[in-house]
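Position 872, counted from 1, in the sequence shown is what this note's numbering calls 1579; the numbers after and before it change by one each time, with no gaps.
Derived by calculation from the structure, the hints in this document are not laboratory data.
Careful: at least some of the hints might be erroneous.
DSSO-like cross-link-like pairs, simulated, lysine-lysine; straight-line CA separation at most 30 Å [claimed, not checked]:
1) K1116 / K891
2) K1136 / K1287
3) K1127 / K878
So the derived label-pair ranges between C-beta atoms look like this [what the hints assert, rightly or not]:
4) L1561 / S1304: 39 to 47 Å
5) I1579 / R1523: 49 to 57 Å
6) R1545 / A746: 54 to 62 Å
7) N1155 / E962: 54 to 62 Å
The C-beta atom is built at its ideal place from N, Cα and C for all residues, glycine as well.
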Amino acid sequence: MKNTQAHFPTIAERSEPAEREAAVLALWRQGHIFEKTLAQTKDGPRYTFYEGPPTANGRPGVHHVLARAFKDLYPRFWTMRGHYVERKAGWDTHGLPVEHEIEKELGILDKSRIEAEVGVAEFTRRCRESVYRYVGDWNRLTERMGYWVDLDDAYFTLTNSYIETVWWLFKQLWERGFVAQDYKSVPYDPRIGATLSDHEVAQGYREVDDPSVFVRFRLTDDPSVSLLAWTTTPWTLPANMALAVHPDVTYCVVEREGEKLIVAEPLLEKVFRDEPVQVVDRIRGAALAGVRYQPLYDYCRDAKDRYYVIPASFVTTEDGTGIVHVAPAYGPDDLALGKSRDLPIFYSVDFTGHVVPEINIAAGLFFKDADKPIMVDLQQRGLMFRRETYRHNYPFGWRTDDPLLYIAKTAWFVRTTMRKAELIANNDKINWYPETIKYGRFGNWLENNVDWAVSRERFWGTPIPLWTDGKEYVCVGSVAELSKLTGHDLSQLDLHRPAIDDVTFTKEDRVYRRIPEVLDAWFDSGSMPYAQFHYPFENEQLFKRSFPADFIAEAVDQTRGWFYSLHAIATLLFDSPAYKNVICLGHVVDARGEKMSKSRGNVLDPYAIFDTLGADALRWYFFTGSPPGEPKRISVELVQDGSHKLINTLWNTARFFTMNANADGIGVPADVALAQRTDLDRWAMSGCELLTAEVTAFLERYDALGAGRAIERFVDDLSNWYVRLSRDRFWRSGASADKQAAYRTLYECLTRVMLLLAPFTPFLAEALYQQLVRSVDAKAPESVHLSPWPASHAEAIHAGLLQTMGVARQAVDLGRQARATAKIKTRQPLALAYIRTRTASDDAAIERFRDLVLEELNVKDIRVVGLDATFIEYGLRPNLPRLGPRYGKQMAALRAALAAADARAVAAAVAAGTPFDVRADGQSFTLEP
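Could you put the whole structure together from the sequences, leaning on the hints where they help?
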């Protein structure tokens, strides 16, 4: 059987992943393999992938590997199928995350101090420098984990070309009437002095315990009667301007301990609990309209009318008292009601989040800290009815971790509500994985869509391209347009603050200056399909070929972040989804399921896994450990357990092949027709072809879990069934057709699995490819990743053979389990094994592979029986304490009757709970269970 072909390199007994992966990285780098995959497919159909830009303001963690693994898998798969997959890296370089890092470095968290002590120019200079600080760490992680993306031609959101496209997009929205300035109650982070968008707020909710207070508002005409209102924000009470009731709810006047309180009837029991009260009157909410009350505090100096009851439909009877305290400065419903009634808008808490000086009982306190002195004051004045603690969700700054304010202020909005129907309709065109996100988390977000607050009163971001003379606005959509307006060439101007703030122009004798705000950084990232190409100023055809994306993937929280900003801009300007397929990934948590954080000390360094188990192990664990949308528990031990079965089993199987092939002097085994191979060979090849079809179908529908687990099952079948049953064929001395068939079958299965694994575990696949293919075939593609994706040959799939072999293997597995239960080792021969089957085809399967089953179970014979067969032996004995007194001298005859009875029939009667007869010597006895 010797031949002249080259032998295979020796595969080490122990798999050393770090060394293996380092060698593969060197091969890719030196051979420019990634670049060659692009060159090889440049004329193929285009498959577009968008890289969600991370903010490189810190070192990457293990959770960043998760998304990057999925973002690498599908481009590799489609590339092997001949598609051209451009993978442009990107960096999100603006916004609060960057500013926050510089604030910490400076030790200054106050916005006004930054302006006064540091200056906008110095602050933005530091921001610019910082975004490049960790790019090297990110690039190192990207390469180490095998994520192929073009880092040399990455887009940065801070470049003038990127900003110019963002300006163009903003002007398109402006000209179509989608941009408006409005006075609204907006989520506001007082620590950073900036308005937040609703999708930013959605990322920062936390369950907290807040004070829950029931407060008396005494009627002006009769102070012995009080309207009882409820709030969880006592700090807003000094800004109270009105009380709201539902017009259609019945309110009760309740007498209690000499006072009268007005409460919604549906909430009487909740408010007063077991306390005895007397209802003295009932009033419809509408009838309370205009009733005046004494203010808790009267700091407001506005002359407008206030302190009276207003009917409002937003009032509910789910919690509280059915009477809502209205502070127009704090809350969307409050402001809307205040506007409709022209109530004063009084700020008891300013935009730094602190109580204003005139509120002497809490002046200067942070707004949350003002709750306590206000409650103490109300208690002392007899206005506090009850104080409790209420657990609810409250928004916190997603970057600052400070509580947010909903405060009335002027901001700029993109009016997404104008295209709510289109946003929902375009979502119907997107394939979401998991599918529940489509009409669940994301769909619900769109159904409850609010206008996008895009202005930020900050320093480091894309400047909003609006210039104003104080009355009118000019929106600028390009540097050329701005140059024309100013009469100066601004092509070399840095478009950031403060340089852009100094650019003014005159129009009709009026000086126009830029508004101070910058854009929400989510607007930047949502602009990347266009701005990465500097569209429409350049690359028009390239953009059109790349929009919308075929695939994107990020963590599930991006449903309120990048996924939404992409969707909103694409819908408003192009009436199109920005992407066709999206994978939403669960968050990475520690082994106990807890969120990772430095303060908890449970952060896992990805290199702790890379340097021991390898990047492939972590990738495989993320793909196959659980469905992608579920949280990913992680530890070194979990990754090892989750990847060992595939990686080590495949490695050892390949080693078995090469050791034996080298011993026999075999290179690439010669082909052997399937008809000339054994049933075992044809079974393995059928499984291999079926696996190819399954993995292809799974990946086409973005199911990495299904594909990965199918590969895992096949590798187990190959190693623990095919190879184990075929060992003697490999070990026989001399050459034979049967031995050649075994070598060919195992080689084809190994090289097929290697190709299928290439997108999942690119290092392992490459190492095996170099050892099994390139080492013996110099004409083969230079890399496994330059190889075409394998086609499945349906004619080679023998479904009947797969089914019958499956039955035989199940019989062997069950037989081994029975031996283990009985503690009888396989090497001890047994005379007989019974195999219970369900169908005639099962019977035929056992008969077809009788010799195989006999050998594997080490039994001399097998007997196939039906489902009704039983292997329990029954014996019958009289229960003397119960039967003795009843039958007395007849007990001897009864014993004989029981001895002669059919024990199985009696057992069946007992199981059914029915009487039965036994006979002996002409005597009959009827017994009951």
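Each hint tested on the structure:
1. K1116 / K891: 6 Å, holds
2. K1136 / K1287: It holds: about 7 Å lies between the C-alpha atoms, which stays within 30 Å.
3. K1127 / K878: 20 Å, holds
4. L1561 / S1304: 39 to 47 Å: The hinted range 39 to 47 Å is violated for L1561 and S1304, with Cβ atoms some 59 Å apart.
5. I1579 / R1523: 49 to 57 Å: 22 Å, violated
6. R1545 / A746: 54 to 62 Å: 56 Å, holds
7. N1155 / E962: 54 to 62 Å: 42 Å, violated
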